[in-house]
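Visitor: Produce the complete structure using the sequences and hints provided.
In order, the protein sequence lines correspond to chains A and B.
Under the numbering used here, think of the first position of the first sequence as 88, with each following residue one higher.
Under the numbering used here, think of the first position of the second sequence as 88, with each following residue one higher.
For the record, the hints were derived by calculation from the structure and aren't laboratory data.
No incorrect hints appear here.
Treat identical chains as interchangeable: a pair holds within one or across any two.
In the DSSO-like style, the derived pairs of lysine-lysine whose C-alpha atoms are separated by at most 27 Å in a straight line are:
1) Lys168 to Lys96
2) Lys292 to Lys506
3) Lys259 to Lys506
4) Lys259 to Lys292
5) Lys409 to Lys445
6) Lys168 to Lys445
7) Lys367 to Lys421
8) Lys410 to Lys445
Protein chains: 2
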Amino acid sequence: MRVLAKDIKDSNGQEITLSGWVHRIRDLGGVNFIILRDRSGLAQIVTNDELDLNVETVISATGMIHESEKAPGGYEMQLTKLDILAEASSDLPFPVNQDPENIGLEAILDNRMISLRNPKILSIFRLQADLIRYFADFLRSRDFTEIKTSKLVAGGTEGGSNLFEVDYFDTKVCLAQSPQQYKQTMVASGLERVFEIGQAYRAEKHDTPRHINEYVSLDIEMGYIETERDLMTLEAELMEYLFRKVRENNQADLDAWGGTTPDPDKCKNIPIIPHDQAKKIVSERLGRRVFEINPEAERVICDWAQEEHGIPMVFINAFPRKKRPFYTYPDGLKTMSFDLIFRGLEITTGGRRINEYKMMKETLPKFGMTEEELGDYISIFKYGCPPHGGFAIGLERLTQKILGLTNVKEASLFPRDRKRTGP
Amino acid sequence: MRVLAKDIKDSNGQEITLSGWVHRIRDLGGVNFIILRDRSGLAQIVTNDELDLNVETVISATGMIHESEKAPGGYEMQLTKLDILAEASSDLPFPVNQDPENIGLEAILDNRMISLRNPKILSIFRLQADLIRYFADFLRSRDFTEIKTSKLVAGGTEGGSNLFEVDYFDTKVCLAQSPQQYKQTMVASGLERVFEIGQAYRAEKHDTPRHINEYVSLDIEMGYIETERDLMTLEAELMEYLFRKVRENNQADLDAWGGTTPDPDKCKNIPIIPHDQAKKIVSERLGRRVFEINPEAERVICDWAQEEHGIPMVFINAFPRKKRPFYTYPDGLKTMSFDLIFRGLEITTGGRRINEYKMMKETLPKFGMTEEELGDYISIFKYGCPPHGGFAIGLERLTQKILGLTNVKEASLFPRDRKRTGP
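Guide: Structure, rendered in structure tokens:
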């Protein structure tokens, strides 16, 4: 019977079978070792026979488990039978069993089908899988319903640019930049509280460590709020939950990268700084005046938050009207909107949305838009839409910042950028 | 403080606030009733004042809760204060508070932003949200890891046709028909057991009650299997779990449509019928020879299974080589592949995949393909890939068949078909 590497200690003195990849071979003059890798970890197999195996070959190894001081975990297998399930060629294009720290990002991504076997690289996606789960679990506990909405849409939610066009039978559609209209529709449908975990597409020509053209958006929309403060409270509680669960369950993934989470208990201290004041804080720290919260300013304000509030996160709210999409709820000359900056990177944009039909109709001309352009979207306001708002978290950016990855592309299994369309 | 409609019984004798949509107005000559709808259900509000409210207007109503024999749930609110949160226009394009059974599908979908407010229609998506959760919970309990893979790919997995093309900067990519190559890569990466919940795209010109061009695919891939029987066992256990959970938690959604699940205990009896024999069974029942398992045959074989095995589901396996994609593991003249038919509709296709590099290289020319065409995909076989296989379940079809919906489009929030690109 197959036993997982992590469980061999429970089979001490018994004959079992391990199945997995040959992670490493060691020849200590007459005594040979196979380090086998399976989904649970590594196990050591010892034999006196000569071994003619390439690393990454898939094997089933049968033998007796015994204690061994020198083996990882304190137990090893004395090999009695070796089956080759699939041979690996000897010209492995990427070192699976070494720390990839000195390998450039391009080489990692060019060899993606193999570089994902590297345990350190794979740990990024073990953590990411859990982040998705924690996100959904938290929201379900708050009575949110999961939705799946179309990614093929007529136009953009955030304006007409930065859209990828799709040939759709005899017409053209676009890849959705966000599920914005749909998540609002589902709030207005009566679900009130919805979330979606899905791809989003931005045809931006940026090539920076913080941009990818296809990403996983963790979207939230919530009815019966009063201001964006209700949303920031929710997000702070979500972050507290995420960080707590990561600390509970993902220490090995953190350790692989030297990653850490902020102190979950400090999430209730995340400062809320109006946009104007944020610029002032950054200007003071830099000793020169800044006019917008650019990437440098995002780093500075998080350093400030760490020093002043013990957490490297800042909500910036009260953005001016012209910096936000037309559907953002106004608040005098400002808006009920916010960003969340985490370790120098914006991971969330959100806010209250306009929900009143009259206000929407008055707003559109100010943005050079017409009711007709909005198509069916306008009808959710015409027929009774509660006060609501929401936000979205970029999954890859969140993963990146927890683990301390240099580039957001490292946190996407198969990233797409301006030049990269495969593998 | 806001209380949900379902909880007003706990506030008997207290003044509370309800917020929601005006579902219905009743005027009983001097006594007026508002039936308010929120995410939890309906509540009755009574007042002697004249009401000038359109249905779907969003209100907050404050008043004392008292017992009332005639009220739904046995309690109602005596109104003291009414706030209008958002007015609804009086020309509602779709009846939210009536059973939509006599409304045609086109009208339901043309007015999608409003028809989703209909509680019966919305219940489809409450169930669907839970199906997603049950699916993920079951797989996590079996040590599967969730993945999110790119939907922008160089070519098709199932052959070159039926692909939507995307303008991607200066080049073209296609929308993924399935995460096939990526889920196999993640098995080979060492995760061994993976699942993905994501959109899949088929540019098929079909316009039938069983086809949509964008659907949510519940994908599974699993390493260290021997034959497709391991996969069918897993899927039968998954179905048993899903049906059990639906019965436990979704009775209201089932009742809205008169839907049912098969008996969960009978899932271990799902017959496994080789493709040849399935044709024979259908031919005998129809009294004429059938040459393929077409939609009619799928209905007939499920009727047969219900009569013979007490469950309206059949696994059909041992498909001939030419009926399956090139990557399907051969088994003599047949393949280690299967479909799952549920109430007359194929909801799953799956099978063991070729995992040996040598076999893959020998197979490609038989399908008129070359190693170069496979691009990076071939490398997972070249460098050690364990025996593995998987399957996918169409979420909308599964939802459709549990609720007994006539058309799969009813089970998609914003369906896309050959002509429908919105809302």
